[in-house]
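Asks: Use these hints to put chain H onto chain V, whose structure you have.
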Amino acid sequence: MAGGQERILRRRIKSVQNTKKITKAMELIAASRIVRSQQRVAAARPYAEQITNVIGNLAGAGAEVSSPLLQINDNPATIAFLVITGDRGLAGAYNSNVIRLAEREIRAAKAAGQDTRLVVVGKKAQSYFRFRGEAVDASFVGMTDLPTYENAREVASFVTEKFESGEYEAVQLVYTQFFSVGTQRVVSARFMPLDRSQLEAAPASEGPKPAYEFEPEPGAILERLLPRYAEARLFAALLDASASEHANRQRAMKSATDNADDLITRLSRIMNRARQDSITSEIMEIVGGAEALSADKGSPVDLLLDRTFPPDLFEQHDHATPHAHQ
Amino acid sequence: MTLQVELVSPERILWSGEADMVIARTIDGEIAFLSNHAPFIGALGIGRVQINLPDGGVVRAAVHGGFVEVSNNKVTVLSDVAELSGDIDVARAQEALRRAETSAQSDANAEELGAAKLRAELRIAIATAA
Numbered sequence: 001m002a003g004g005q006e007r008i009l010r011r012r013i014k015s016v017q018n019t020k021k022i023t024k025a026m027e028l029i030a031a032s033r034i035v036r037s038q039q040r041v042a043a044a045r046p047y048a049e050q051i052t053n054v055i056g057n058l059a060g061a062g063a064e065v066s067s068p069l070l071q072i073n074d075n076p077a078t079i080a081f082l083v084i085t086g087d088r089g090l091a092g093a094y095n096s097n098v099i100r101l102a103e104r105e106i107r108a109a110k111a112a113g114q115d116t117r118l119v120v121v122g123k124k125a126q127s128y129f130r131f132r133g134e135a136v137d138a139s140f141v142g143m144t145d146l147p148t149y150e151n152a153r154e155v156a157s158f159v160t161e162k163f164e165s166g167e168y169e170a171v172q173l174v175y176t177q178f179f180s181v182g183t184q185r186v187v188s189a190r191f192m193p194l195d196r197s198q199l200e201a202a203p204a205s206e207g208p209k210p211a212y213e214f215e216p217e218p219g220a221i222l223e224r225l226l227p228r229y230a231e232a233r234l235f236a237a238l239l240d241a242s243a244s245e246h247a248n249r250q251r252a253m254k255s256a257t258d259n260a261d262d263l264i265t266r267l268s269r270i271m272n273r274a275r276q277d278s279i280t281s282e283i284m285e286i287v288g289g290a291e292a293l294s295a296d297k298g299s300p301v302d303l304l305l306d307r308t309f310p311p312d313l314f315e316q317h318d319h320a321t322p323h324a325h326q
Numbered sequence: 327m328t329l330q331v332e333l334v335s336p337e338r339i340l341w342s343g344e345a346d347m348v349i350a351r352t353i354d355g356e357i358a359f360l361s362n363h364a365p366f367i368g369a370l371g372i373g374r375v376q377i378n379l380p381d382g383g384v385v386r387a388a389v390h391g392g393f394v395e396v397s398n399n400k401v402t403v404l405s406d407v408a409e410l411s412g413d414i415d416v417a418r419a420q421e422a423l424r425r426a427e428t429s430a431q432s433d434a435n436a437e438e439l440g441a442a443k444l445r446a447e448l449r450i451a452i453a454t455a456a
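So the sequences go chain by chain: V and H.
Quick note: the first sequence uses this note's numbering, first residue 1, plus one each step.
Quick note: the second sequence uses this note's numbering, first residue 327, plus one each step.
The shape of chain H in the complex, shown without the other chains:
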C-alpha cells in the first residue's frame, strides 16, 4: 500500500505520484507519514518536504509555509511557495543568503531578514542534497 502524494502550489501541481513515505516540517516539528496514517491536517513552516518513492528514489522540495492534509492514504501538500530541488537556482539562493547576512548587521527588520536567510539556507541545503 503506497501513498498518493500531491505537492501543490497556488499556480500549479509541482509533483504528484506514489510514495512510500512523506516527511514534512510543521510549525511544531518534523512529521513523517507512512501508509495508513491517521487523518491529519497541519500547518507547515519553512522547511523541506521529502518524498520517498517506492523505487528508492527521493524527491526533495523547499516549502516556505503551507499546509499538509492526510486522509485515506492521500497526502496533499499545499504550499504557498515551493520549489523542487531540481528547480532551485543555487547561485541565486547564495546571493540571497549573502544579501540577508550583510543587511542583517545594518537593518532593523530582523524578523523578515531572518526568514529570508532561513529560506535561502533551505534552498541551498535542498539543492545540494539532491
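Next up, chain V with everything else stripped away, as it sits in the complex:
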C-alpha cells in the first residue's frame, strides 16, 4: 500500500504549506505593526516629556498640593495590580510572562498580609484570572492592539477614582517594556501614588530656573496636571506593551514559518522516498514476474504463443473421412 502512504503525505504537506502561508502573513503584519507602534511611541514622547517638565517647574515653584495622588503610603493595606496583556495569543511567551510576574507579585503581597486587587487590560489576563477564581475589579479589552489616548484615559480614570477614594492604597503596574525589536522586559512599576522625587528631579538640567507666572495659582494647576500625568504614563505603558506584543508575535510567527519550512522539507523527503520505494517494488514485481515466466520455459522463444500450438493438431489421428482438399 505504498501509494496510500504517499497520498497521505502529500495531503499533510499541503496542509503544512497552508499553515505556513498564514504564519508568514501574520509575521509580516506584526512586523509592520511594530514599526507603527514605534512611531506612536516616538510621537507620544514630546507630550510626556513636556508634562513632566511642567510638573517639575510647578514643584520647583513650591506648588504644594494635598492631592492624594502624591500621598505616599509606606505600608499600603490594599494594593491593586494593573496587569497589561494582549487580547490574542500566538505571541510566544508574551502573555504568560506578564501573568507569571503578576502572579508572583500578588503572592508576595498576600504573604506580606496585604489585600490585593486586580485591574486587567487584555483578554488573556482577563480569562486567566477569571479561570483561577481571582476577583477582577475591572477589565478592559480590545485596546491593546492599537491603544489610543482615549483608552489610557478610560483605564486611568477608573484607577484614579479608586485610588482617590482610598479603596486602593497603592497601584502597581505590570506590563512589558519595549527596548528594541529584540529586547522586551516584563516590569512591575509603581503607578500610584505618583513618584514625587522623579517629578522634582526632572527639570534641574536646564540652566537657571525661570520665575514663572501662574494662572491660576500653581497648586490649582498641579491639581489638574497630575491626572493628565497619570494618563500619559499609562498611555506610554500601553504603547510599550503593544509594541512588545507585536514584536513577540513577529518572533513567534517567524519561528512557526521556519518550522513549517523544515517540516515541508522533511515530509517531502519521506514522500519522495515512499514514491521511490513503490516504483522500485513495482519494477521488482515486473522483473520478478518476467523471470518466473522465463524460468518455466527455458527459451524466450517459448513465450511466443503460437509455438505452443502444434503445427498440425490432427495428424496424429486416423481419419475416418479423407481430407476434402486432398
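Please keep in mind that the hints were generated in silico from the structure rather than gathered at the bench.
Watch out, some of these pointers could steer you wrong.
Said to hold, decoys possible - Here chain V is said to cover these stretches of chain H; the calculated rule only asks that three of the stretch's residues, wherever they fall, bring their Cβ under 8 Å from a Cβ of chain V:
id: 1; segment: 335-341
id: 2; segment: 351-361
id: 3; segment: 364-372
id: 4; segment: 398-407
Beta carbons: idealized from backbone N, C-alpha and C, even for Gly.
Replies: What follows is chain H alone, placed relative to chain V:
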C-alpha cells in the same frame, strides 16, 4: 525675534514652528504671548488657540482643556484634545451640537452636555473661521 511654538497632544505633535504671536484661553481668560513674554504656566479651558505666523498666516486650533507653558521664547501648548482647523469635521461637529441641544431639554446631566455643546460650537467656529 520670534516664538518657537509647539502644539502637542498626548498622541503626537500637532503643529510646531515659528510664530509672532500666540493667543490662548486659560480658565481665567484669554491671554496672548509675544516674544520675550515672562515665563508663564497656565491651565487652558475649552477654547481656541490662535498662532499668528511671521508671514501673516494664521493657524487655528480647537483645544479642549490642557496647559500652556512659556519660557525663553518657547511656547508649548499641551492639550488633552486638540484639533487643527483643517482637521475638523464640520458636519460631525454640527451633528454633535444638535445632539447636545436636543438632549439638553430632557437630560439631567447638564454639566456634561454644556461642555459637549461648548466643544461642538468651538469646533464649528474654528473650522469656519479658517
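Asks: Next, verify each hint and record whether it holds.
Replies: Comparing the hints with the structure gives:
no., hint, result
1, 335-341, "holds (count 5)"
2, 351-361, "holds (count 4)"
3, 364-372, "holds (count 6)"
4, 398-407, "holds (count 4)"
Hint violations for this structure: none, all hints satisfied.
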